[in-house]
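Chemist: Here are the chains, one letter per residue:
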Amino acid sequence: MQSPVTHAVDADFLALPRAALADAALDAARRGGAQHADLRVQRLRSQHLELRDGRVVVAADQESVGLAVRVLRDGVWGFAAHVDLTPETAAATARRALEVSGTLAALATERVTLADEPVHAGVTWVSPYDVDPWAVDVADKIGLLTARSTALLAAPGVDHVAASCVQVKEQTFYADTAGTTTTQQRVRVDPDVTITTVDRAAGGFETLRTLAPPTGRGWEYLTGTGWDWDAELAELPDLLAEKVAAPSVEAGPTDLVIDPTNLWLVIHESIGHATEYDRAIGYEAAYAGTSFATPDKLGTLRYGSDVLTVTGDRTVPHGLASVGWDDDGVATGEFDLVRDGVLVGYQVDRSFAPRLGLERSNGCAYADSAEHVPLQRMANVSLRADPDTDRSTAALIDGVEDGIYVVGDRSWSIDMQRYNFQFTGQRFHRIRGGKLVGQVRDVGYQATTTDFWGSLEAVGGRSTWRLGGAFNCGKAQPGQVAPVSHGCPSALLRQVTVLNTGSGS
Amino acid sequence: MSAPGSALVERTLAIAARQAPDAGAVATVREVSEAVVRWANSTLTTNGQTVERRLSVIMLVPLDGGTGAGVATVPAPTALAAGPEGDAVIGEAVAGAVQAARRAGPARDAAPLPASTDGDPGDWHDGAGETSMAVFGRLAEELGASFRPDEASFGFADHRVTTTWLGTSAGVRRRWVEPGGSVEINLKDPATGTSVWGGEGATDVADVDVTALVGRLRDRLPWGRRWIDLPAGRYETILPPSAVSDLMIYMAWSMGGRPAQEGRSAFSRAGGTRVGERLGPLPLTLAGDPAAPGFPDLAYTPVLATTYSGDEVSVFDNGATTGRVEWVRDGEVATLAYPRAAATEYDAPFAAPTDNLVLTGGEDATLEEMVASTERGLLLTCLWYIREVDPSTLLLTGLTRDGVYLVERGEIVGEVNNFRFNESPLDLLRRATEAGTTERTLPREWKDWFTRAAMPPLRVPDYHMTSVSPGR
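So the sequences go chain by chain: V and C.
According to my numbering, the residues represented by the first sequence are 1 to 505, in order.
According to my numbering, the residues represented by the second sequence are 1001 to 1472, in order.
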């Protein structure tokens, strides 16, 4: 494996009149009485390739770009955005943001203050990747997905193959009235292959999807860097054949060994969202919801067993939330959320840090496009591997007399206070006497967050730790999506409630 | 404020014709003007006024063995509509779409572009519709007046005006403006911990009577004064229109014809599809209709415009006239979604996903009357975090939210804990015993993607609550 090349920000983004737009917008904001203002120019390029049964269904390129101005005047935010990248529009958009702030100021009974942040002037950050997806001919990309689809279609029992890859390049220029100016570029890819077997006579079907997570890498991820596609695709048909022939699960409390390819999503839903400070104080109450982990419990809430230590970061290589500076102009880093099972921190932005009594933000501001306002969004929230023993997944399985090993994510649902969740998965392997003895099907597991993490008996070592993630974490109104990764080891949890989804019970 | 999108569409089609004279071409300009306001804990949180404009080019390129499709979408600043620099950007987008089409190979959904059915529309050269924060004048006043120290108010209001210009090399020229907005309010009573939600969609958000909406929510707050713990289990349950809409929307999204024909859908059955299958005793009809008879606010423009192909829709169908589709008719599965090519392949009618959904066929009973005729059961407010558990049965899981109430002898006697449910909308249609009056509603869960819905309340005798959810 070659080490990642650090690319430069693309010349055509650098050629945009960034300084002129910033000067025009920030000057207009200052003249209008803003105590703080920032301008963001954000460009998103994406390419979506999708094949069904070896034929292309979607080959689409999309690009969006615009400028966004946020002003803070007398403690009240105002936001406006426009598609035209001219200094005149930048100034007009700043004035529009001031108008917006004024129009609704009467509804604002609380005043916003921002945590201090050192000035970061003229800084640049580019995510680590080898091959820019836009440097690869689309014919080669489609050729690779076609070859993989064709090979799978030829395997016994595979009736349909869906193969897709979404590739994104995100570029952001940020400038604020304090003098911070950042220019950043990140690349991410989300490849996916799903095979389906159909029983036409009996009228049923079953699917299996690849476990490769979306990641902050380039096209090299599709060709073997960071994931062994050949190995995974080779075993997929046999695993599906075993799955479809497997017995239905017996519902009831069950010991689970959960693979990182499934556990990342539980962390996302039950810890990632629950430790968002804006949620915890009600800012999402009417939409995404609140959190059971309220600030009055900071430092005392028993989130889980002593084994549970969870951090937030925006720095891990290839993490989907990793970036140099956030959309508040804050330098990113790593911070504790749960330590030895106790809630010890929250994810914040510059407006929420002072409310929590923090001197500085931990860098969680993000807007998904120019037309949306930055919010507190999720860092890469990750579960620490066992720091002392590099226990393997097999060793965790060895500690289970009668249980299930859960692999890959599928269905997920959690309530608005992040208490009650239900997950399914791609594969479920029965454990008997510490050994895997074949798949079972129709498995769902349901728990209350603190009960679930309280039943965490052991985590695997560093060698089991993997980054999972998603492109489409949703929050806020109007809706925004954010890419985020979660690292975790394999984990052993005792007596989790398993349901049989085949009977719906 | 902006140059009309019609000029940009014409330039794009002209450049496409020069670059690829044999190819079919679709050009779409879409401008979205939006104003939003959000509040929490009875204070303003975020807001904004934005303008976004994009040009999409779809090139349908003849190849050996068929036609390939490629799509390119680029931002459409004002500068794009004029000058050689704009032509270069458009030319690059067209070339990118042509290249993607060639690389993609012959498409399974290929069909000749639909011909124009109308003459030159009079509004083709008109500009874009606009909105601004001014639409919230009434809302700001009424909302501010509604804030009370003994209550916490949370919510969101938005108003967006979307203007679309669609032109194709087959002669279609259509422009349409779709204004739409909504107001959602969530009130919490700190004394009882109770939380209530209500929302309304409207063509013009200024028409929403916030004072009346808050009043209806306040009528529910006292129900939270008596708390009743109930265990998981099957309950007679009245689903209000919002809850019904979220379940019906998910079902409609799952009604692709090809997946059903290929045996990989809940609408498949051994040897065929479920079209013609009776679901249950109630003569319910789930239809989408651009004309929206009875619900003029739900009407939409009967022209297909899409930048993606999939099982239900095709880029080759851009410009097609769409009409009423009855997905379920008188209690039977009636129609599945087919792009034109798939419709030919399977000898089924062309049916595109509809932009509204109306469920009819119930009695005249209002929600209140259905409560009054209930001996013992649950009344829900809305559903949340609905996700598919088993696609072969369309089993969905999700949670109740912002108010579950116990009804005894026709009266609401208190508030009950929330539940997680596991249910299939197909099974609910099979088991529902009563449907009430159809009314416009706001889908709580899917509102970001689908707002035009009118549904009746439904009574289900044995709704499956699989666990208690401690959140309120």
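Everything labelled a hint here was simulated from the structure, so no lab data went into it.
There could be a bad hint or two in this list.
Claimed, not checked - Okay, derived cross-link-like pairs now, DMTMM-like style, lysine to aspartate or glutamate, Cα gap no bigger than 25 Å in a straight line:
1) 243/V to 1151/C
2) 435/V to 199/V
3) 297/V to 63/V
4) 243/V to 1390/C
5) 141/V to 199/V
6) 141/V to 1390/C
7) 141/V to 1388/C
8) 243/V to 306/V
9) 297/V to 1390/C
10) 297/V to 1262/C
11) 297/V to 1150/C
12) 243/V to 1092/C
Stated by the list, open to error - Derived CB-CB ranges, DEER-like:
13) 457/V to 1324/C: 54 to 60 Å
14) 1065/C to 134/V: 27 to 33 Å
15) 334/V to 1019/C: 33 to 39 Å
16) 1411/C to 202/V: 20 to 26 Å
Unchecked claim - Listed below are several chain C residues computed to face chain V (Cβ distance under 8 Å; list not exhaustive):
17) 1125
18) 1395
19) 1469
Keep in mind that this is a model prediction, so the values were computed, not measured.
Note that CB positions come from ideal geometry on N, CA and C, so glycine has one too.
Chemist: Indicate, hint by hint, whether the structure satisfies it.
Modeler: Verification of the supplied hints:
no.	hint	result
1	243/V to 1151/C	violated (52 Å)
2	435/V to 199/V	violated (30 Å)
3	297/V to 63/V	violated (44 Å)
4	243/V to 1390/C	holds (14 Å)
5	141/V to 199/V	violated (32 Å)
6	141/V to 1390/C	violated (32 Å)
7	141/V to 1388/C	violated (30 Å)
8	243/V to 306/V	violated (35 Å)
9	297/V to 1390/C	violated (37 Å)
10	297/V to 1262/C	violated (53 Å)
11	297/V to 1150/C	holds (24 Å)
12	243/V to 1092/C	violated (47 Å)
13	457/V to 1324/C: 54 to 60 Å	holds (58 Å)
14	1065/C to 134/V: 27 to 33 Å	holds (28 Å)
15	334/V to 1019/C: 33 to 39 Å	violated (50 Å)
16	1411/C to 202/V: 20 to 26 Å	violated (48 Å)
17	1125	violated (20 Å)
18	1395	holds (6 Å)
19	1469	holds (4 Å)
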